[in-house]
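Asker: Each chain, letter by letter, is given below.
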Amino acid sequence: MNDAKSQASDDYTPSEMMIISAARALAGVRTVFVGVGLPNIACNAARRTVAPDLELIYESGVFGARPERQPLSIGDPTLVTGATSVVSMADLFGFYLQGGLVEVALLGGAQIDRHGNLNSSVIGDYRRPSVRLPGSGGAIEIAINAQRVFVVMQLKRRAFVEKLDFLTSPGHLSESDRGRRAGIPSEGSQLVITDKAVFDFANSEREMQLVSRHPGCSVEQIVDEIGWNLRIADAARLTTPPTEKELSIVRDCRRNAGRSD
Amino acid sequence: MNDAKSQASDDYTPSEMMIISAARALAGVRTVFVGVGLPNIACNAARRTVAPDLELIYESGVFGARPERQPLSIGDPTLVTGATSVVSMADLFGFYLQGGLVEVALLGGAQIDRHGNLNSSVIGDYRRPSVRLPGSGGAIEIAINAQRVFVVMQLKRRAFVEKLDFLTSPGHLSESDRGRRAGIPSEGSQLVITDKAVFDFANSEREMQLVSRHPGCSVEQIVDEIGWNLRIADAARLTTPPTEKELSIVRDCRRNAGRSD
Amino acid sequence: MADKLTTMKEAIGLYVRDGASVCIEGFTAFICFAAGHEIIRQKKRNLTLIRMTPDLIYDQMVAAGVARKIVFSYLGNPGVGALHCLRRAIEKGSPAPLELEEYSHYGMVGRYIAGASKLPFFPLRSYLGSDLPGVNGRIRFVDSPYGDGMVAVVPPLTPDITIVHAQRADSNGNAQLWGLLGAQKEAAFAAKNVIVVAEEIVDEATIRSDPNRTLIPGIIVEAVVHEPFGAHPSYVQGYYDRDNEFYLKWDELSRDEDGVQKWLDEWVYAVADRSEYLRKVGKETLERLRPPSAPAAAVDYGTYR
Amino acid sequence: MADKLTTMKEAIGLYVRDGASVCIEGFTAFICFAAGHEIIRQKKRNLTLIRMTPDLIYDQMVAAGVARKIVFSYLGNPGVGALHCLRRAIEKGSPAPLELEEYSHYGMVGRYIAGASKLPFFPLRSYLGSDLPGVNGRIRFVDSPYGDGMVAVVPPLTPDITIVHAQRADSNGNAQLWGLLGAQKEAAFAAKNVIVVAEEIVDEATIRSDPNRTLIPGIIVEAVVHEPFGAHPSYVQGYYDRDNEFYLKWDELSRDEDGVQKWLDEWVYAVADRSEYLRKVGKETLERLRPPSAPAAAVDYGTYR
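Top line first, the protein sequences correspond to chains A, B, C and D. Just so we're aligned: 124 in the working numbering is position 124 of the first sequence, and the numbers increase by one with no gaps anywhere. Throughout, the working numbering is defined as the position within the second sequence, counted from one, plus 1000. Throughout, the working numbering is defined as the position within the third sequence, counted from one, plus 2000. Throughout, the working numbering is defined as the position within the fourth sequence, counted from one, plus 3000.
One or more of the hints may lead you astray.
Claimed, not checked - Here are a few chain C residues that face chain A, going by a calculated C-beta distance under 7 Å:
(1) Y2106
(2) S2126
(3) P2295
Claimed, not checked - Heads up, simulated DSSO-like pairs for lysine-lysine below, C-alpha to C-alpha not over 30 Å straight-line:
(4) D:K3118 <-> C:K2118
(5) D:K3043 <-> D:K3069
(6) D:K3280 <-> D:K3043
(7) C:K2092 <-> A:K156
(8) A:K245 <-> A:K156
(9) D:K3092 <-> B:K1156
Think of the hints as simulated: they come from the structure by calculation, not from any bench. By construction, the Cβ of each residue, glycine as well, lies at the ideal position given by its N, Cα and C atoms.
Kindly generate the complete structure, drawing on both the sequences and the hints.
Answerer: In structure tokens:
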């Protein structure tokens, strides 16, 4: 490794730190279920660094995409041309996802609670919502069948809530509901990766805990954005700042997102 | 129609009479589920006479075959090249057969009983058979899901039995078991077409009855080949002998079976 | 072979009745806006609209007042944002209340499969722990008879009419698609009637040269419509790209109810058919959307005689 | 991209263990006799052989003593008659008793689908009224939770190893097939390990030029073997025809137990590998089986940059 390239940079945005944290978390992973946007960029950055064998799986039915431009949506035709395999959604959800071939899924949502459960359905009452959100798409079965789930979201108080308005996709459920996870193959949410910090669930209560705060973000700033009494892991540490190399790859991926090498 | 061609012939074999009876029974039918051999020839003859829109469906996944030679099996590559659609067996059995698109299925077996139930599994005890037969293949689901079933078999006493050694594919079941047909979409066996006579089940007991004996076959000869006390329909009649045209088409189909026009 | 070629006007007039359940499938691609606009133009009413991703097409149709209910799994403008007309209908009951029946993607696919294969239910590993079964009683759970726990099930969905857009079809309705296959095959086999809309009408021999590529067989098809660019502003693999400028423009203009009605007046009600719509879109735009070639490797089925 | 290219000898040696459950799928076509013969040659024992239609390949393998059990739905020499070695094993326990687990075709397909998609069961409309559930307790019935009756179910099937023969594959195991698709995709996704055997090894770009044609993705494949004519005497669409003379000959010779052993000695044990087998078959026969061309119509995916 080039020494200059492995040096820490201090010239980066919170969103770049979030993407780089997600890319690092994909070290060694072979299959990731992903949408477009930042998670897509994180996956492409991971391919060029810590996960050279990483293949992207899209719910639209695409496996092993080699897009020639930044995909505009998960159904972009550039994902199809040159892919390894393009299948019906029945096969994608049945054989790839439910079949257990997805190691990691990146998910997001409008709200998340302390157990990593996600809401992407409504704000307010389901029947008379103040905001109607998109709904599940494939998120419920992704959360249930991907081997592991990484949540990627901006850290904001209105998103990190004490109680979800609606539980769309199960994380670790609540303690009283935990028994219902018996039929869920996924290990559930492992990480919540944000622009300010990274959280995991490595405690017996499967409760979100701070494990790594990004440089320049104080514990107070983080706690402020969370609607419950946040746990802080004993081993909580400071996130390693992006290296020059990581930053240049992420910026290159953003300019030309999706193009593989 | 050419008068000479519509005239009855008396120069034909019992097997030709059987094929022609089967072809006539397909009048107006649009989709038939079929194996190779005589039923295949009957279907191709029907296409050229009473069922011009008839499409053949093979359990191997072929719809709308246009074979250039006589297929050697239901998986012959000549059935694939030039077909309308070739699909996985999952789709063939799920969407075509179970989906209700098969109007008529032609089935056979080693044994048949008075209610049109078929045995294609074993002669003797299932665990220690004296003759191990091929088994179901797709026959069970074909019998259950085709709208109607025509059985095509040689009339022989060892095949038309009082009691099956094994009930592979349900016809009308027995009277005591009839309730189990509640979950069966098919109307069940409608006709049994043999080299000596044609039978149907048009009585309230759904019991096989003679409706048409082929020219030259006496009621006694027919009854002799049946292992139970055969019913004879009030309206039982003599089968119309093959016309010259029917015979020439069947002979042409046999020479060149499967080739369509 | 029946010739089922007809016009969109006739096909919609004949097969889409007021009160019918209508499914226009195609995941991000192959979205038959030509059919959706004709339904709006013919002022159909009280439809149940079925689609995994309602997309702009159902946003427009709901705004035009054709729908009573939608059955869906993801309400979004793909890669852009929200569907404002649908949100107004759901959040404010404007222009009219809209009944919702909501699933996940795989739940919708499973419903199509159960409908297509006449099964009483389709089992899937989903919904455990979610609030969705609590608001949609059609999502249920079944115990495995092998003693290994519980699995979610969804019931069959059998649209009165499914409309599928394809690259090519023959006049009998045998249709071939490549690219994102979505759930079109399943939705078509599940339907009571199917309309195939195609970029190109080809002879039977073209279809028969590649039988594995036939996604929809003519046997389930009632009508065939030749409608080049019929999926604009969505895309058809190998034929044209998504008109993303329109997707972005819709995000702006659809925030305003009056703006939507003006757009419908200008682009749907005031045009007679798809040809007129395409003339309005303009050759320049259509040409810009055409991709350079990327041919598939040759495949040979062999002649067996 | 991993390079998984290896020899049949190594692939079978590594992935087919004594006592394993082995599935060589392919309905009438694509039957990988090359793999079956190598399993015989390596004297594997106590295998559970899984296939819808055991065909000649399992007739030979059972005669050679590799199997303890078969899981199947149709025991026949397609278009010819009976499988005499299998009949002897079942009717007379010769050369050794054989355990049977019997389904219908759709039941087998359903078992593969359940295995591939990790479902506890697959529902199908079959088996009602049949005696088969009485002799196979794995076939059960489930009540629909929608109150519309009962449906049969079969449990998942997950072979230790599935072997699939394809027209073309890349060295990573991405495999493309056309012609009869049978249940190869389902059986491969259901398996713990997959071996792909191909007529041609092509570069990745050929596979990627037609992604809809990829039936088996490399991600589920452990080993890739290049074995032209590896399915002889069965056929590969577009590459060669079934060697029907052999199917007829087998019907004769397999009636005699000694004849079978002599055939195995000459055609399996005494040849080192598939190349030697093909030299024995002879160029003339192989050339006779090659069909004239019947190319598929062109398809274009378009370049989107």
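Asker: So, for every hint listed, does it hold in this structure?
Answerer: Comparing the hints with the structure gives:
no. : hint                : in the structure
1   : Y2106               : holds (4 Å)
2   : S2126               : holds (4 Å)
3   : P2295               : violated (11 Å)
4   : D:K3118 <-> C:K2118 : holds (22 Å)
5   : D:K3043 <-> D:K3069 : holds (16 Å)
6   : D:K3280 <-> D:K3043 : holds (22 Å)
7   : C:K2092 <-> A:K156  : holds (27 Å)
8   : A:K245 <-> A:K156   : holds (29 Å)
9   : D:K3092 <-> B:K1156 : holds (27 Å)
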